[in-house]
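Colleague: Here is what each chain is made of, one letter per residue.
There are 2 protein chains.
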Amino acid sequence: MLDYALLDALAAVVRHGSFERAARELNVTPSAISQRVKLLEERVGSVLVKRGTPCVATTSGALLCRHTERVQLLEAELAGPLPALPGASLQAWPTLRVAVNDDSVGTWFIDAIAGFCTQREMRLDLVIDDQDHTAQLIRDGSVQGAVTTQAEPVQGCRSTRLGRMRYLAVCTPVFHARHFADGVSRETLRRAPCVDFNPKDELQKRFMRKITRADIDPPKHWIPHVAGFLRACVTGLGWGMCPERMVAPHLERGELIDMLPGRHLDVDLYWQSWRLSIGWLDEFGLALRKQAAQLLD
Amino acid sequence: MLDYALLDALAAVVRHGSFERAARELNVTPSAISQRVKLLEERVGSVLVKRGTPCVATTSGALLCRHTERVQLLEAELAGPLPALPGASLQAWPTLRVAVNDDSVGTWFIDAIAGFCTQREMRLDLVIDDQDHTAQLIRDGSVQGAVTTQAEPVQGCRSTRLGRMRYLAVCTPVFHARHFADGVSRETLRRAPCVDFNPKDELQKRFMRKITRADIDPPKHWIPHVAGFLRACVTGLGWGMCPERMVAPHLERGELIDMLPGRHLDVDLYWQSWRLSIGWLDEFGLALRKQAAQLLD
Numbered sequence: 115m116l117d118y119a120l121l122d123a124l125a126a127v128v129r130h131g132s133f134e135r136a137a138r139e140l141n142v143t144p145s146a147i148s149q150r151v152k153l154l155e156e157r158v159g160s161v162l163v164k165r166g167t168p169c170v171a172t173t174s175g176a177l178l179c180r181h182t183e184r185v186q187l188l189e190a191e192l193a194g195p196l197p198a199l200p201g202a203s204l205q206a207w208p209t210l211r212v213a214v215n216d217d218s219v220g221t222w223f224i225d226a227i228a229g230f231c232t233q234r235e236m237r238l239d240l241v242i243d244d245q246d247h248t249a250q251l252i253r254d255g256s257v258q259g260a261v262t263t264q265a266e267p268v269q270g271c272r273s274t275r276l277g278r279m280r281y282l283a284v285c286t287p288v289f290h291a292r293h294f295a296d297g298v299s300r301e302t303l304r305r306a307p308c309v310d311f312n313p314k315d316e317l318q319k320r321f322m323r324k325i326t327r328a329d330i331d332p333p334k335h336w337i338p339h340v341a342g343f344l345r346a347c348v349t350g351l352g353w354g355m356c357p358e359r360m361v362a363p364h365l366e367r368g369e370l371i372d373m374l375p376g377r378h379l380d381v382d383l384y385w386q387s388w389r390l391s392i393g394w395l396d397e398f399g400l401a402l403r404k405q406a407a408q409l410l411d
Numbered sequence: 115m116l117d118y119a120l121l122d123a124l125a126a127v128v129r130h131g132s133f134e135r136a137a138r139e140l141n142v143t144p145s146a147i148s149q150r151v152k153l154l155e156e157r158v159g160s161v162l163v164k165r166g167t168p169c170v171a172t173t174s175g176a177l178l179c180r181h182t183e184r185v186q187l188l189e190a191e192l193a194g195p196l197p198a199l200p201g202a203s204l205q206a207w208p209t210l211r212v213a214v215n216d217d218s219v220g221t222w223f224i225d226a227i228a229g230f231c232t233q234r235e236m237r238l239d240l241v242i243d244d245q246d247h248t249a250q251l252i253r254d255g256s257v258q259g260a261v262t263t264q265a266e267p268v269q270g271c272r273s274t275r276l277g278r279m280r281y282l283a284v285c286t287p288v289f290h291a292r293h294f295a296d297g298v299s300r301e302t303l304r305r306a307p308c309v310d311f312n313p314k315d316e317l318q319k320r321f322m323r324k325i326t327r328a329d330i331d332p333p334k335h336w337i338p339h340v341a342g343f344l345r346a347c348v349t350g351l352g353w354g355m356c357p358e359r360m361v362a363p364h365l366e367r368g369e370l371i372d373m374l375p376g377r378h379l380d381v382d383l384y385w386q387s388w389r390l391s392i393g394w395l396d397e398f399g400l401a402l403r404k405q406a407a408q409l410l411d
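Residue numbers (this note's numbering), protein chains in the order written: chain A, 115 to 411; chain B, 115 to 411.
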């Protein structure tokens with residue numbers, strides 16, 4: 115069998131992005147971690163971690179991490195029938211490492227999974243990324259499951275639909291009077307600043323293309339923060355696409371207006387997770403789907 | 115003089131993290147961007163960009179980017195007295211690239227700067243990082259200013275105090291009854307799950323050390339998301355340190371309780387920015403300080 119003391123060290127370095135933090139988690143010195151990873155690299159015959167800030171797995175390193183985390187999950191499952199099994203901490207609080215998009219975490223995701231994690235005593239380790247990019251994280255094995263826009267199953271995973279998030283184009287009444295008094299058109303959209311979450315965020319662009327059938331490149335604020343994005347719209351920095359459920363109270367109070375009622379963007383969300391038949395990963399998926407049915411459209 | 119068409123391409127690649135997106139911003143083909151960066155690398159005699167996802171500047175690359183952005187800022191300032199100067203887009207919407215900690219963006223920062231950016235027609239490009247790490251971003255030149263916990267000025271920068279954020283240890287009443295019925299002690303803290311923002315977040319650890327004079331390592335959820343972090347506390351996943359202003363309504367409604375009233379952590383925040391005497395960078399600092407005085411303690 116493989117040497118799991120070495121693999122555990124590797125997985126901790128990649129999970130934490132640093133030898134120091136991995137050492138702290140495993141209660142050993144950083145030099146012990148470094149020796150274990152080096153030894154493993156010698157045995158495998160290739161570099162497994164790119165040293166840097168943060169430390170990142172190479173392709174071979176990622177494969178080994180993925181394998182190790184699966185074994186850890188399977189081990190942790192033994193804690194149910196064999197609670198007295200030594201090996202301790204991981205079993206007491208197994209880790210669910212999941213990739214989720216920012217807007218889901220900002221709206222429905224935590225509420226959907228809190229009960230399950232509390233009951234099962236599972237640690238939640240969220241990786242946040244754009245909804246169009248979370249599938250990549252499950253593909254390279256760095257998470258066990260992902261909330262994603264990709265319907266087609268990633269290899270080795272199963273995919274189920276969670277529901278739909280509706281996005282509205284919103285801005286303040288003052289912003290609207292200043293920039294869109296002549297209507298929402300190619301010309302006015304070109305000059306009005308919009309808010310983008312980050313360079314990966316294509317929602318504003320997609321909306322403009324849908325409305326005008328043109329690629330428009332307005333001045334853009336970049337606010338990679340859900341609450342900050344919403345505040346940027348509410349304070350009149352720019353217009354932006356916000357989840358309908360998030361802006362409902364602001365629309366009601368008249369702080370924001372729907373720029374083009376009826377012209378929304380819908381984003382379908384899917385849950386993809388490893389096809390491993392790990393009991394609680396399956397049960398987590400079930401619980402998530404059930405809650406999502408209530409919290410999403 | 116240096117060839118600024120090449121430098122502009124380099125800075126765009128580093129800003130966007132990708133040749134494709136840089137090409138889109140500068141309205142040229144990706145291969146044109148790639149040629150410009152390569153030519154610059156040949157002239158300088160060293161690699162300037164580590165190709166990857168995302169593309170990252172090398173040390174020399176970062177120095178050139180920093181220089182280029184400073185020149186762009188100085189050029190943009192000319193737009194005031196010389197509005198008809200050709201060179202266009204950057205002048206119309208100069209970019210303020212600023213590093214801010216998550217909790218500031220989630221509470222006071224956007225409200226503090228929205229008016230200034232709207233009046234001056236400045237694009238905001240936020241880089242979000244932990245408050246103890248934003249100083250690094252200004253040190254390596256990737257941002258023009260930073261909200262940071264570091265009081266001592268970074269080389270080439272000036273530092274001014276913005277105010278204080280107060281953090282309270284909070285959890286739900288149910289969580290408290292389950293985990294802290296016997297008091298908040300070493301023993302109970304060791305078993306109660308807490309919420310950490312990410313591995314860099316030391317607030318929970320610092321609080322436990324303050325209370326117990328011991329290093330305690332409880333099960334930790336990682337929720338790298340301000341709204342998600344708060345929801346994780348409100349839904350009873352764990353206890354966590356939250357900004358007082360953010361949890362005030364939850365405390366009032368009884369959804370959360372202050373675990374140890376009077377035992378908070380205070381974090382002093384500073385604004386550090388380039389000592390360049392760029393008019394609006396100075397004015398931005400002034401506006402920020404003035405607003406922060408009202409929005410922080």
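If you are wondering where the hints come from, they were derived from the structure by calculation, not from laboratory data. Keep in mind that the hints are not guaranteed to be accurate.
Okay, derived cross-link-like pairs now, SDA-like style, lysine to any residue, Cα gap no bigger than 20 Å in a straight line [unchecked claim]: (1) B:LYS319 - B:PRO332; (2) A:LYS319 - A:LEU379; (3) A:LYS314 - B:ILE242; (4) B:LYS164 - A:ARG138; (5) B:LYS404 - B:PHE230; (6) B:LYS164 - B:PHE230; (7) A:LYS164 - B:PRO168; (8) B:LYS319 - B:ASP331; (9) B:LYS164 - A:ARG165; (10) B:LYS404 - B:PRO168; (11) A:LYS314 - B:ALA137; (12) B:LYS319 - B:SER256; (13) B:LYS314 - A:LYS152; (14) A:LYS324 - A:VAL348; (15) A:LYS152 - A:MET115; (16) B:LYS319 - A:ARG237; (17) A:LYS314 - B:ARG138; (18) A:LYS404 - A:LEU379; (19) B:LYS314 - A:LYS324; (20) A:LYS314 - B:ARG211; (21) A:LYS314 - B:LYS319.
Colleague: Decide, hint by hint, whether the structure agrees.
Modeller: Here is how each hint holds up against the structure:
1. B:LYS319 - B:PRO332: 9 Å, holds
2. A:LYS319 - A:LEU379: Distance ~11 Å between LYS319 (chain A) and LEU379 (chain A) Cα, so the pair holds.
3. A:LYS314 - B:ILE242: 15 Å, holds
4. B:LYS164 - A:ARG138: 30 Å, violated
5. B:LYS404 - B:PHE230: With Cα atoms ~11 Å apart, LYS404 (chain B) and PHE230 (chain B) stay inside 20 Å; holds.
6. B:LYS164 - B:PHE230: Given pair LYS164 (chain B), PHE230 (chain B) is violated - Cα atoms ~35 Å apart, limit 20 Å.
7. A:LYS164 - B:PRO168: Holds - the C-alpha atoms of PRO168 (chain B) and LYS164 (chain A) are around 15 Å apart, at most 20 Å.
8. B:LYS319 - B:ASP331: The given pair, whose Cα atoms are some 8 Å apart, holds under the 20 Å limit.
9. B:LYS164 - A:ARG165: 14 Å, holds
10. B:LYS404 - B:PRO168: 36 Å, violated
11. A:LYS314 - B:ALA137: The hint holds at about 14 Å.
12. B:LYS319 - B:SER256: 29 Å, violated
13. B:LYS314 - A:LYS152: Since the Cα atoms of LYS314 (chain B) and LYS152 (chain A) sit roughly 25 Å apart, the hinted pair is violated (cutoff 20 Å).
14. A:LYS324 - A:VAL348: 24 Å, violated
15. A:LYS152 - A:MET115: 19 Å, holds
16. B:LYS319 - A:ARG237: Answer holds: LYS319 (chain B) to ARG237 (chain A) is near 17 Å, not above 20 Å.
17. A:LYS314 - B:ARG138: Holds. LYS314 (chain A) to ARG138 (chain B) sits at ~13 Å (cutoff 20 Å).
18. A:LYS404 - A:LEU379: With Cα atoms ~24 Å apart, LYS404 (chain A) and LEU379 (chain A) exceed 20 Å; violated.
19. B:LYS314 - A:LYS324: 41 Å, violated
20. A:LYS314 - B:ARG211: Holds, because 17 Å separates the two Cα atoms, which is no more than 20 Å.
21. A:LYS314 - B:LYS319: Violated, because 34 Å separates the two Cα atoms, which is more than 20 Å.
Of the numbered hints stated above, those contradicted by the structure are hints 4, 6, 10, 12, 13, 14, 18, 19, 21, listed in ascending order.
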